[in-house]
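Colleague: The lines below spell out each chain.
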Amino acid sequence: KQEVTQIPAALSVPEGENLVLNCSFTDSAIYNLQWFRQDPGKGLTSLLLIQSSQREQTSGRLNASLDKSSGRSTLYIAASQPGDSATYLCAVVYGGSQGNLIFGKGTKLSVKP
Amino acid sequence: DAGVIQSPRHEVTEMGQEVTLRCKPISGHDYLFWYRQTMMRGLELLIYFNNNVPIDDSGMPEDRFSAKMPNASFSTLKIQPSEPRDSAVYFCASSQAPTGPNGYTFGSGTRLTVV
Chain A
765 KQEVTQIPAA LSVPEGENLV LNCSFTDSAI YNLQWFRQDP GKGLTSLLLI
815 QSSQREQTSG RLNASLDKSS GRSTLYIAAS QPGDSATYLC AVVYGGSQGN
865 LIFGKGTKLS VKP
Chain B
336 DAGVIQSPRH EVTEMGQEVT LRCKPISGHD YLFWYRQTMM RGLELLIYFN
386 NNVPIDDSGM PEDRFSAKMP NASFSTLKIQ PSEPRDSAVY FCASSQAPTG
436 PNGYTFGSGT RLTVV
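Order-wise, the sequence lines are chains A and B.
Just add 764 to the spot in the first sequence (first one is 1) and you have my numbering.
Just add 335 to the spot in the second sequence (first one is 1) and you have my numbering.
Only pairs whose alpha carbons sit at most 30 Å apart, straight line, appear in this in silico BS3-like list of lysine-lysine:
{"no.": "1", "chain 1": "A", "residue 1": "Lys806", "chain 2": "B", "residue 2": "Lys413"}
{"no.": "2", "chain 1": "B", "residue 1": "Lys403", "chain 2": "A", "residue 2": "Lys869"}
{"no.": "3", "chain 1": "B", "residue 1": "Lys359", "chain 2": "A", "residue 2": "Lys869"}
{"no.": "4", "chain 1": "B", "residue 1": "Lys359", "chain 2": "B", "residue 2": "Lys413"}
{"no.": "5", "chain 1": "B", "residue 1": "Lys359", "chain 2": "A", "residue 2": "Lys806"}
{"no.": "6", "chain 1": "B", "residue 1": "Lys403", "chain 2": "A", "residue 2": "Lys765"}
{"no.": "7", "chain 1": "B", "residue 1": "Lys413", "chain 2": "A", "residue 2": "Lys869"}
{"no.": "8", "chain 1": "B", "residue 1": "Lys403", "chain 2": "A", "residue 2": "Lys806"}
{"no.": "9", "chain 1": "A", "residue 1": "Lys765", "chain 2": "B", "residue 2": "Lys413"}
With the Cβ distance kept under 10 Å, some of the chain B side facing chain A (calculated, not the full set):
{"no.": "10", "residue": "Gln341"}
{"no.": "11", "residue": "Tyr366"}
{"no.": "12", "residue": "Phe368"}
{"no.": "13", "residue": "Leu380"}
{"no.": "14", "residue": "Tyr383"}
{"no.": "15", "residue": "Ile390"}
{"no.": "16", "residue": "Asp391"}
{"no.": "17", "residue": "Phe426"}
{"no.": "18", "residue": "Ser430"}
{"no.": "19", "residue": "Ala432"}
{"no.": "20", "residue": "Pro433"}
{"no.": "21", "residue": "Gly435"}
{"no.": "22", "residue": "Pro436"}
{"no.": "23", "residue": "Gly438"}
{"no.": "24", "residue": "Gly444"}
In silico contact screen, one side only, chain B against chain A (beta carbon under 7 Å); selected entries:
{"no.": "25", "residue": "Gly377"}
{"no.": "26", "residue": "Leu378"}
{"no.": "27", "residue": "Thr434"}
{"no.": "28", "residue": "Tyr439"}
{"no.": "29", "residue": "Phe441"}
{"no.": "30", "residue": "Ser443"}
Read the hints as simulated data drawn from the structure, not as lab findings.
Where a beta carbon is used, it is the ideal one built from N, C-alpha and C, also for glycine.
Produce the complete structure using the sequences and hints provided.
Modeller: Now the structure itself:
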């Protein structure tokens, strides 16, 4: 079964710390992987998308990496701020599908001032 | 572009009533997806359309759920009759090419409460 797993489910860090969120997927044949941010009671905001042929993408303090052979992606957040507190969701479009996005359960991040 | 627009933002209804959720995708996006988010199950795909045609509705939980896309700029998700276990946040998303570099864009969601 094609799944996406995110560990840990929750993470609390002090402000200023660099941190890594993890995502694993069950099949290396993927089209792309997308990281989203969701604030409480809000919708999903796309952060970064990594195509199958890419190894990483960067946007500001965020860097996402992709290792298809190990079925893993990481989202690196540098110099974390309280405003980064949110739930981060990883989602994959698997090869052989027609494009439906399969989500992990997310990691709830809390950055303490 | 205003993004993916969903209405209403919140809906509270009594068990047994019909509920209709609405979505306007981004212009030019040929794919439209309906997802449901619950605490227990996370985000689950219900159905998706390509060029207004339903492609995969295997995620629709039961016959009480139906979805239509009468044209490229409008889709509805209908629940009739509604039940308390349908309470969730329903998201609509659109994409120009789901396997391409731009991925999905999500709407703000409709929070449905069935009492």
